[in-house]
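Chain B: place on chain A using the hints.
Just so you know, the protein sequences line up as chains A and B, in that order. In terms of our numbering, the first sequence opens at residue 1 and continues consecutively. In terms of our numbering, the second sequence opens at residue 1 and continues consecutively.
For the record, the hints were derived by calculation from the structure and aren't laboratory data. One thing to keep in mind: the hints can contain errors.
List of simulated lysine to aspartate or glutamate pairs, EDC-like, C-alpha gap at most 16 Å [as the list claims (entries may be wrong)]:
#1 B:Lys86 / A:Glu529
#2 A:Lys465 / B:Asp94
#3 A:Lys388 / B:Glu93
#4 B:Lys150 / B:Glu93
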Amino acid sequence: MKDMDRLSIYIAGLFVREALYRSYKPLSTGRGFWRLIIETFMPQPSDDVATYNAKWFIGGMLSGLFMAIWIPLFVMASRSIGLYYTSELLLISYLTMVFLLSIIIVFDLIHQVVSSIKDLNLAEVLERLPIDYDTIEKAASYSILIGGGVSLLLGMGVSVGLITYIVTDNPYAIVFVPLGFLSSIFIIYPISLIVFRKVSSSVSNMVSLIIYTLLVAFTIALYVQVIGLSDPATVYDVLFSYRWAYPLSFVYLSTIGFDPYGFISSMIFLLIGILGSVIIPSRYGIKLHQVFFEKIRSHRIVYRRRITLGFKDVLLLLRDRARSKQFYGQIAALVTPSIIPLMIPRIVSIIRATEYYHVLFIFSLYGLLAYIISVIVSPILVFIESDKTDVLRRNPITFPDVLYGKVFASLILVQPIALFYMILTIYSTLDPLIALVSYYSFNTYWIMGSTINLLIILKILWNNKSAWTELSLGIIKRLLATILSMLPLLIFTPFIFIAYILDVSSAILVSMIAPLPIALYAMFESLRERIV
Amino acid sequence: MTKREYNVWLRVLIVAEKLYVYYGDFPALKDINLSIEPGKLNILLGPNGSGKTTFLKTILGILKPRHGKISVYGFTPWRDHVKIKKITGYVPEDDILYHSLTVKEYLYMIARIRGIPRDMVDEAVERMLDAFQLRGKSDEFIGSLSHGYKRRVLLAEAFIHNPQIYLLDEPFIGIDPRLARALKNVLREKVREGKLIIVTTHILEIAEAIADNIILLYNGEVKAVGKLEEILEEAKAGGLEEAFLELTMSYQSVREIIRALMG
Numbered sequence: 001m002k003d004m005d006r007l008s009i010y011i012a013g014l015f016v017r018e019a020l021y022r023s024y025k026p027l028s029t030g031r032g033f034w035r036l037i038i039e040t041f042m043p044q045p046s047d048d049v050a051t052y053n054a055k056w057f058i059g060g061m062l063s064g065l066f067m068a069i070w071i072p073l074f075v076m077a078s079r080s081i082g083l084y085y086t087s088e089l090l091l092i093s094y095l096t097m098v099f100l101l102s103i104i105i106v107f108d109l110i111h112q113v114v115s116s117i118k119d120l121n122l123a124e125v126l127e128r129l130p131i132d133y134d135t136i137e138k139a140a141s142y143s144i145l146i147g148g149g150v151s152l153l154l155g156m157g158v159s160v161g162l163i164t165y166i167v168t169d170n171p172y173a174i175v176f177v178p179l180g181f182l183s184s185i186f187i188i189y190p191i192s193l194i195v196f197r198k199v200s201s202s203v204s205n206m207v208s209l210i211i212y213t214l215l216v217a218f219t220i221a222l223y224v225q226v227i228g229l230s231d232p233a234t235v236y237d238v239l240f241s242y243r244w245a246y247p248l249s250f251v252y253l254s255t256i257g258f259d260p261y262g263f264i265s266s267m268i269f270l271l272i273g274i275l276g277s278v279i280i281p282s283r284y285g286i287k288l289h290q291v292f293f294e295k296i297r298s299h300r301i302v303y304r305r306r307i308t309l310g311f312k313d314v315l316l317l318l319r320d321r322a323r324s325k326q327f328y329g330q331i332a333a334l335v336t337p338s339i340i341p342l343m344i345p346r347i348v349s350i351i352r353a354t355e356y357y358h359v360l361f362i363f364s365l366y367g368l369l370a371y372i373i374s375v376i377v378s379p380i381l382v383f384i385e386s387d388k389t390d391v392l393r394r395n396p397i398t399f400p401d402v403l404y405g406k407v408f409a410s411l412i413l414v415q416p417i418a419l420f421y422m423i424l425t426i427y428s429t430l431d432p433l434i435a436l437v438s439y440y441s442f443n444t445y446w447i448m449g450s451t452i453n454l455l456i457i458l459k460i461l462w463n464n465k466s467a468w469t470e471l472s473l474g475i476i477k478r479l480l481a482t483i484l485s486m487l488p489l490l491i492f493t494p495f496i497f498i499a500y501i502l503d504v505s506s507a508i509l510v511s512m513i514a515p516l517p518i519a520l521y522a523m524f525e526s527l528r529e530r531i532v
Numbered sequence: 001m002t003k004r005e006y007n008v009w010l011r012v013l014i015v016a017e018k019l020y021v022y023y024g025d026f027p028a029l030k031d032i033n034l035s036i037e038p039g040k041l042n043i044l045l046g047p048n049g050s051g052k053t054t055f056l057k058t059i060l061g062i063l064k065p066r067h068g069k070i071s072v073y074g075f076t077p078w079r080d081h082v083k084i085k086k087i088t089g090y091v092p093e094d095d096i097l098y099h100s101l102t103v104k105e106y107l108y109m110i111a112r113i114r115g116i117p118r119d120m121v122d123e124a125v126e127r128m129l130d131a132f133q134l135r136g137k138s139d140e141f142i143g144s145l146s147h148g149y150k151r152r153v154l155l156a157e158a159f160i161h162n163p164q165i166y167l168l169d170e171p172f173i174g175i176d177p178r179l180a181r182a183l184k185n186v187l188r189e190k191v192r193e194g195k196l197i198i199v200t201t202h203i204l205e206i207a208e209a210i211a212d213n214i215i216l217l218y219n220g221e222v223k224a225v226g227k228l229e230e231i232l233e234e235a236k237a238g239g240l241e242e243a244f245l246e247l248t249m250s251y252q253s254v255r256e257i258i259r260a261l262m263g
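If we strip away everything but chain A, and leave its shape as in the complex, we get:
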C-alpha cells in the first residue's frame, strides 16, 4: 500500500530491535533453565517481527487471564445463590470497563514506546544519515503497531473472550471480545497520534498532563455512571439502545448474542480503525524532539541522601511528558470509580446518615485501593531510569538507597491525589477526623504497596546492566511481581473483614495498624544518611 512507507516500517523494526537489545543484552539473560524460559517467552533482539509478536501475544493472553480469571468464580458464586441478574450485570459492566481499560492500555503503550525511543536516543543514530526526519517520526508511530501493541491486546482479548464464552455459553464472545480489543487499539491509536502531534507538543507539560488526566477520569466516570450505578432494566435498556455505539456493540454481541445492528456497527468500527491506523501514521509521526533549551531556576535538591535521590526521581518524572502522563493517567483510571460515589448527593446523604464507626471503617478502606494503585504505578519510577542506570552504578549508591528513594518519590508524587481524597472525604462526611483517617490510610498503604512492589521489581532488574524499561522486565515477570506484591493484601484483607463482622472498631484498628510496620520502616530507611 502506497501509504505504508516501506522505509518507515523498516526503521520501526530497527527501533523495536534496538530497544529490545538495549533492555536486555546477553549479559542479563542469565544461564540454564532461566535463560531458556526468558528466550522462549520474552521477545529477543534476534527475533523476527512474527516471532516477537507471537511472544507478545502469549504475554497478552496471560495478562488477559489474570484480568478475567476471577469472573467465572464470581459468576458461579452469585448464580449458586440465585443472583442470576447480578452475574449478568457484572459481566456487562466488566466487559465495558475492560474495553475502556484497553483504551488506557493503548495510551500507556504509546507512552511506553515514545519514552523508550526518546530515553534510549534511538532516533539520534538515524539523524546523521540522509533520512528525512518525517520518516523517522513515522517510524516511531509504526513501531507501536509492529512492536507488539496489537499482539498484546489481541492476546488479552482472546483470553477474556474465552472466559466470557465459558460464563455465557455465547460463542460470539470468542470472536467479538478480541475484535473489540483490536478496534480499541486501531481507533485510539490514530486519534492519539493526532492529539500528540497537534495538542500535546504545543502546551506546557503540566497543562497537557492535567488535560490528559482529566480526560481519562472523565471517560471512566462516564461509563461507571452509565453502567455501574443503574438497575438491571436500565442497563439492558442502555445496552440495547446504544448497541451501535463503541464499545457497547462489542459488549452486546459478546454477552447477549448476535444482532445485525451490533454486528454492522462493530465491523464499521473495526474497518474505520484499520483504515485510520494505516493512513494517519503516514501523515502524523510522533514528535520525538524534546529540546530543553530554556534556562530554568534549578531546584536545590540538598536533603538527606535517599530523599535527594527521591527528589531526583520526582523531577525526572514530572519533566517527562510521556512518563508523567503514564503515571497520573493510570492513577486517574483506577481512582475515578471510587471518587464518583462521593460526588453524588444521594450517596453523600446516605453516608452522612450512616453510623459513625461504619463510615470511619469504609473510608479507612481507601488504603486498600491506594495499595493496589501503588503496585500498578510504582514500577514507572524504575523505568524512568531507562538507560541512565550507569549513573547509579558508578556512584556509591546501594540497593536500599534506590529502593527507599523511589518509595519516597512515589509518596511525594501521589500527594495531590491523597489530598484530593481527603478534601472529598471532608465534603462527604463533614468530619475532619474521618478525613484524616482516610488520608493516613491512603498514605500508609501506599508506602507499603510501593515498597513491596519496588523491592520485587528492583530485585529483578538490579543486576541488569542494560537499560531498565518495560521490555527488560517483560510481561511475565511484571505479572509475577504484581501477583507477589498483592499477596500481603490478600492475606490481611480477610482479617480486616472478619474483624468488621465481629466488631467495627477493632476492624478499624486492624486496618490502620496493618500497614504501619512496613510504612514506618520505609520512612525511617528513607531518612537514613550514612553511606555504608
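Structure of chain B alone, referenced to chain A:
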C-alpha cells in the same frame, strides 16, 4: 603477611592477580597481573576493545571477575563496591547523565550521594562550576548541552568530593585545549598529593606527554608495563607509536587498513 609484605601492600593500592573478566563467553580481560601505586600518573594505553574500560569498571566493582583476584585499598571491588566508589572519582567513556536535570541539580545530587555534608554542598558545587567553566550552563538542562559540556559535567562529578582514586576513561576526548591543559596540570598536582590516578587513552601523544607509568593493554592482555623509556627499550623502538605497533604486532593490520582505505 610478613611486615615487608604489609609495607608493600600499604604502598600498592590496586593489585590484580590472574584476573579474568568475561562478557558472556567473551574474555575481555585475560590473566591480568598488575600492581598499581599512588603518586604516579598511570596511563592505561590500548587500542579500541583492548579492555581498558573493562579494567576500570572491574576496579570500581561494576564488573565481577570470573577468575583471579583484585584488591583496591584492601577491599574486594565487586563485594565492597560502595566503599570503593565513595573514595573514587570516575569519568566514564559515555556521556550517561540525566538529561532532564539541570547541571546544578545534578551536581547537588551527586554531592549528597557522595556524602558531602549538607552545609558544604553549595561550596563544593560552586567550586566545580568554576573549575570546569560550567557557571554559564548551571541552570540549563543537561540534555541541551554539547558533548564537550557533558564531559565537563562528568569531570565535575568525578572531582567534586576530592577523592583518593581517580579513574578517568578517555578524559581528554571532547574537551577544549585550555581545559585539557588545565586537567593535565591538575592531575600532576593530584599525583604529588599522593592520589592514585589511572587515565585511559588510545592517543599516544597524551600518554607520551603525561605518563609516569604506562600499562599497555591489547586484546585483554597486558603487553607491557613500565616507564616510557622502559617500554621503548623493551620494544627496541624510537617512539611510542613504533613501540605500540611492535608490542601489539599491529604492522600487518595497519597495512590492511591503508590498503582498504585506498581502495
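Hints the structure violates: just list their numbers, smallest first. none
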